[in-house]
Amino acid sequence: MSVETNDGAPAPPFTGTPAGSKATPYVNSRVQRNEDARLLTGRARFVDDVHLPGMLHVAFVRSDYAHGRLLSVDAAAARERAGVVAVYTSEDLGAYSKPAPLLVPPPPIAGLVFHACTHLPLATGKVRHVGEPIAMIVAESRYIAEDAVRDVVVDIEPLDAVVDLEAALGPEAPRVHEHLASNAAAHVVQRKGDYEAARSRADVVITRRFLYDRGASAAIENRAVVAQWDTQAEELTIWDTTQAPIPIRNGLATMLGLPESQVRVVAPFVGGGFGPKIMMFYPEELLVPWAAMQLGRPVKWTEDRQENFYATTQERGQVHEAEMALTKEGLILGVSDTFLFDTGAYDPYGLTIPINTQCTLLGPYDIPNYHTEFTAVFTNKTIVTPVRGAGRQHGVFVSERLLDIAARQMGIDRVEIRKRNLLGPDRFPHNHEIMFQDSAPLVYDSGNYLPTLEQAAEIIGYEQFVRDEQPRLRAEGKHVGVGIACYVEGTGIGPYEGARVTVEPSGRVRVATGVGTQGQGHYTVFAQIVADVLAVEVTNVQVITGDTREFQWGTGTFASRGAVVAGSACHAAALAVREKALALAARLLEVEPAALDIEGGRVFVRGAADRGFTLGDLAGKANPLRGAVKPGTKPGLEATEYFGPDRGSTANGVHAILVEVDPETAMVEIKRYVVVHDCGTIINPMLVEGQIHGGVAHGIGNAFYEQLIYDEQGQLLNASFMDYLLPTATDVPPIETAHRETPSPYNVMGLKGVGEAGCIPTGAVFAQAVEDALGDPRFEIREIPISPNTLFNLITEARRV
Amino acid sequence: MNLTGTFTFDGPRTVVWDLLQDPVVLAKALPGTERLALTTEDRFEGVMKVSVGPVTAATFDVVVTLKDKVPPQRFAMQIDGKGGVGFTRGTANVELAEQPDGGTLMTYTSDVQVGGKIASVGQRLIESVGKMMMRQALDALARELRVRLEGNPHTP
Chain A
1 MSVETNDGAP APPFTGTPAG SKATPYVNSR VQRNEDARLL TGRARFVDDV HLPGMLHVAF
61 VRSDYAHGRL LSVDAAAARE RAGVVAVYTS EDLGAYSKPA PLLVPPPPIA GLVFHACTHL
121 PLATGKVRHV GEPIAMIVAE SRYIAEDAVR DVVVDIEPLD AVVDLEAALG PEAPRVHEHL
181 ASNAAAHVVQ RKGDYEAARS RADVVITRRF LYDRGASAAI ENRAVVAQWD TQAEELTIWD
241 TTQAPIPIRN GLATMLGLPE SQVRVVAPFV GGGFGPKIMM FYPEELLVPW AAMQLGRPVK
301 WTEDRQENFY ATTQERGQVH EAEMALTKEG LILGVSDTFL FDTGAYDPYG LTIPINTQCT
361 LLGPYDIPNY HTEFTAVFTN KTIVTPVRGA GRQHGVFVSE RLLDIAARQM GIDRVEIRKR
421 NLLGPDRFPH NHEIMFQDSA PLVYDSGNYL PTLEQAAEII GYEQFVRDEQ PRLRAEGKHV
481 GVGIACYVEG TGIGPYEGAR VTVEPSGRVR VATGVGTQGQ GHYTVFAQIV ADVLAVEVTN
541 VQVITGDTRE FQWGTGTFAS RGAVVAGSAC HAAALAVREK ALALAARLLE VEPAALDIEG
601 GRVFVRGAAD RGFTLGDLAG KANPLRGAVK PGTKPGLEAT EYFGPDRGST ANGVHAILVE
661 VDPETAMVEI KRYVVVHDCG TIINPMLVEG QIHGGVAHGI GNAFYEQLIY DEQGQLLNAS
721 FMDYLLPTAT DVPPIETAHR ETPSPYNVMG LKGVGEAGCI PTGAVFAQAV EDALGDPRFE
781 IREIPISPNT LFNLITEARR V
Chain B
802 MNLTGTFTFD GPRTVVWDLL QDPVVLAKAL PGTERLALTT EDRFEGVMKV SVGPVTAATF
862 DVVVTLKDKV PPQRFAMQID GKGGVGFTRG TANVELAEQP DGGTLMTYTS DVQVGGKIAS
922 VGQRLIESVG KMMMRQALDA LARELRVRLE GNPHTP
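These protein sequence lines map, in sequence, to chains A and B. Under our numbering, the first residue of the first sequence carries the number 1, and numbering increases by one thereafter. Under our numbering, the first residue of the second sequence carries the number 802, and numbering increases by one thereafter.
Certain hints may be false.
Stated by the list, open to error - In silico lysine to aspartate or glutamate, EDC-like type, Cα no more than 16 Å apart, as pairs:
{"no.": "1", "chain 1": "A", "residue 1": "K478", "chain 2": "A", "residue 2": "D776"}
{"no.": "2", "chain 1": "A", "residue 1": "K328", "chain 2": "A", "residue 2": "E458"}
{"no.": "3", "chain 1": "B", "residue 1": "K883", "chain 2": "A", "residue 2": "D74"}
{"no.": "4", "chain 1": "B", "residue 1": "K883", "chain 2": "A", "residue 2": "D155"}
{"no.": "5", "chain 1": "A", "residue 1": "K419", "chain 2": "A", "residue 2": "E329"}
{"no.": "6", "chain 1": "A", "residue 1": "K634", "chain 2": "A", "residue 2": "E504"}
{"no.": "7", "chain 1": "A", "residue 1": "K126", "chain 2": "A", "residue 2": "D155"}
{"no.": "8", "chain 1": "B", "residue 1": "K868", "chain 2": "B", "residue 2": "E842"}
{"no.": "9", "chain 1": "B", "residue 1": "K883", "chain 2": "B", "residue 2": "D862"}
{"no.": "10", "chain 1": "B", "residue 1": "K883", "chain 2": "A", "residue 2": "D151"}
{"no.": "11", "chain 1": "B", "residue 1": "K883", "chain 2": "A", "residue 2": "E157"}
{"no.": "12", "chain 1": "A", "residue 1": "K419", "chain 2": "A", "residue 2": "E458"}
Since the hints were made in silico from the structure, they are not lab data.
Model the full assembly from the supplied sequences, consistent with the hints where possible.
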């Protein structure tokens, strides 16, 4: 493992343990996951595992139409069905029927136009996408509720649907939201330098149109909500598959008119989040707790897979018109990119995705002049919110493809043109002068890009492949190609997270933090950080996440920020507990704290190991039954600390891939997949690799298999895993990874995020490699996903030219 | 879904015309029809059961309105079906031309939209199911025609 700083000089790696400690650090080692025993033996609790006495079950009546006037909803027959307890339509909700909150207000960008149109709990007046909920059935069983769905008579007058992004902005297009002048949800222009002037100096200008289409996040666990109003405790408990239990608790308390302290949201184990389980205030999330309070009985709803295809948010529809201006040496003078972004029927998540696209397009390159402009477009399709990568892959696809095309046109090697344009290690912090999604300017904190690219090229054997192997295999009639693509990823954004670390009298350590966990390994990485600071066994540290009763301050798991922000808070809280333990032991032993060592769960006088206390003993002594806690101290070995970075930390990496294409069937076989990745200090290499493997699998799906097909009336045509293809184990090759560590200066441990990295450059690298394999100058890939069918058509078309 | 085609009936145009306007005949001929009745002039209402791939025996309330009738030459239909698993909506045009041999050539075109669950899980099969139902219906109508002309239900 190599460790480098910005100037290339080796820096001491972050060890996790404060100076002077002798313990072997857990940070930076392959610690096995604390959560796996529970997960692998089926003892982990998921929301659907919650069974309460007297619990009622919910099914939703959803729109079959993408766009239409909701003329009437007749629920009389459903209400009469035996076992149905209640049926709610929009009218029945009364004052509770309010638009959901705007979750992320747009950043302060001059001239920004944004129309917030968020969803209602139940459709009112109009339906705007297939699957939009119209009525809620609450019954004694899910079977009865589902049967009662068929009893509800919904009268909808169909309207023409808005599906195609470009047609949506035409003067004749039907309007998704009639109070707006058009289907434009937002318009944003960001500029750096002067692109037009740069273009006029350019030797070469590459202009292309690029498409990226929608996919599903396809988490293995669908969404679920259970709510119980406890009349004796006067407390509402909500089990929710959310990535952000605290904002959900705060929002629901306000909407339901309850103090925050009377609402508890628990996000237990969650089977994959990937973005759509963020603090969405989905209709189901709003309605299940409300119904539980109305009816005085626990209420449960678990999404089925088909509902997930309609009702859980999706991502990725964009159309780009992009241009790159270069010198004849292949140096980028500037980039201009104008794109349309499909936000679906509503826009509760603001502009996070297209702003990520704007920012991520710049990649690791020195791009002095940049014009980036987008229009967000309302369509009659499922709502769009971030899905792993969250717009970043589009930016990478556009810039990497433009570089590939420029390299080919100018006869420059693909790796070479990238090397010529990389930001050097002396260029950090690097201010890109445009605004990032966290409302702070886009500043790269650190990075060392050239060695990352060189290492990826070396591992895949780029030079040797291009020089010897490819010509040899081509002579044998094989179509093999190599792709190599770079990316930079803004991660670990604020505002903040917190953690409470408690040493119990048993000596066990408890860590509570607000972020929810969806399989990443939080119970292990947070334990590693705390175990190092307190010099205890990692298995002795119990982590609790995602329960607002345990920790009630924070935001959530998104933007590759859990380890960076919550991890840093855990570190700070553990350090505070360590100081407290040392100070107490010093007082009791009548020595200076500096004379003490902490190791193996004990604090003792250096050089006299028998003079000391276990941490458990100290925890007891810090909470005495007689005597006074000294002024200026707090009882217990416990501390709560927070971490809020001014801005996110910048991870980067390079993906390299070898493919073989059968031009007759257009099937692509991935022969090798290499990821060289720099996420700063690595807490657990095994978990980083796991994140990368999962991300690459997700990316391969996006690149080659997964596409949500909507017809011209907004009907989703492949809402099942029979027709919507996820990559399976045989489609994902073994992934070779190498880690580099350029620590972030923005947090003590030097952490950067990694959760989304694996799927960000996958489309770009896949397109480049397939193009290279076919080796036909008439053939160019400008769209993702590039399914076998699309690829076949492109090959056929190129041959006709 | 677009279904278009031609079919030759072995009988005179006026008889074919009457056949195509008779709800009792149509109910027998259209596969899966549970009920079909002429409720008002030129308006048929009924219930059909259709199976498409994984969606088995989906029930639809169907309303067919006849329009632009030029007996016995041509008519158009507005089709609206609604059910628990989705909806169908569209138009169809039927033309009947007398043939020199005394038969009747029917030319039909239709443009039917299918939406909701049935579209999203049965998409790959909808068109073939539509064609199959059409073929079965036409064969049944041809048999019915023979019965009318010959008065013998057992003629092969």
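Now for the hints, and whether the structure bears them out:
no. : hint              : verdict
1   : K478(A) x D776(A) : 13 Å, holds
2   : K328(A) x E458(A) : 27 Å, violated
3   : K883(B) x D74(A)  : 14 Å, holds
4   : K883(B) x D155(A) : 10 Å, holds
5   : K419(A) x E329(A) : 12 Å, holds
6   : K634(A) x E504(A) : 15 Å, holds
7   : K126(A) x D155(A) : 11 Å, holds
8   : K868(B) x E842(B) : 11 Å, holds
9   : K883(B) x D862(B) : 5 Å, holds
10  : K883(B) x D151(A) : 12 Å, holds
11  : K883(B) x E157(A) : 12 Å, holds
12  : K419(A) x E458(A) : 14 Å, holds
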